[in-house]
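J.: Sequence:
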Amino acid sequence: MKLSPQKSGTIAEKFASKFLSSKGYKIIENNFRTRFGEIDLIAKDNDVICFVEVKYRKNSDFGLPEDFVDMRKQKKIIKTAFIYLAKHNISDVNIRFDVVAVEPDSKGSYNCRLIKDAFEGDIYE
Numbered sequence: 001m002k003l004s005p006q007k008s009g010t011i012a013e014k015f016a017s018k019f020l021s022s023k024g025y026k027i028i029e030n031n032f033r034t035r036f037g038e039i040d041l042i043a044k045d046n047d048v049i050c051f052v053e054v055k056y057r058k059n060s061d062f063g064l065p066e067d068f069v070d071m072r073k074q075k076k077i078i079k080t081a082f083i084y085l086a087k088h089n090i091s092d093v094n095i096r097f098d099v100v101a102v103e104p105d106s107k108g109s110y111n112c113r114l115i116k117d118a119f120e121g122d123i124y125e
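Here the sequence shown is numbered in the numbering used here, starting from 1 and rising by one per residue.
Treat the hints with care, since some could be wrong.
Said to hold, decoys possible - Here are the simulated BS3-like cross-link-like pairs (lysine-lysine), alpha carbons at most 30 Å apart as the crow flies: (1) Lys107 to Lys75; (2) Lys76 to Lys18; (3) Lys107 to Lys76; (4) Lys44 to Lys116; (5) Lys116 to Lys18; (6) Lys23 to Lys79; (7) Lys107 to Lys87; (8) Lys26 to Lys79; (9) Lys87 to Lys76; (10) Lys73 to Lys87; (11) Lys107 to Lys26; (12) Lys73 to Lys26; (13) Lys73 to Lys116.
It is worth saying that the hints were derived from the structure and are not from the lab.
Construct the complete structure from the given sequences, taking the supplied hints into account.
T.: As structure tokens, then:
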């Protein structure tokens, strides 16, 4: 049975969430949305708030999953992250933008790869 892109994305986000939790991240929120964009996962890694983009690809024929977090997507994530911080009245905190690349493995499960500090964000960019 072939899964829709939305269903595949939801499954990938669940695997990414479990993967990050196993690495010590504390998941704060899933799928934070604004009119400017969406952040798949927001988590704490020690004292750092991490805004995490989860990218799934069923194969690497056209590139690795992380290759699809282009500049346009990065800018949307950055803007949405600053809205999140403002909405929750959070300031004077360390933040980071991470990517979790998710790909199916040969056993019917998924492999996750964490790219910490995948890109930098500035509200004035």
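J.: Each of the hints needs a verdict: does it hold here or not?
T.: So, going through the hints one by one against the coordinates:
no., hint, result
1, Lys107 to Lys75, "violated (36 Å)"
2, Lys76 to Lys18, "holds (25 Å)"
3, Lys107 to Lys76, "violated (34 Å)"
4, Lys44 to Lys116, "holds (13 Å)"
5, Lys116 to Lys18, "holds (16 Å)"
6, Lys23 to Lys79, "holds (26 Å)"
7, Lys107 to Lys87, "violated (42 Å)"
8, Lys26 to Lys79, "holds (22 Å)"
9, Lys87 to Lys76, "holds (16 Å)"
10, Lys73 to Lys87, "holds (21 Å)"
11, Lys107 to Lys26, "holds (28 Å)"
12, Lys73 to Lys26, "holds (24 Å)"
13, Lys73 to Lys116, "holds (17 Å)"
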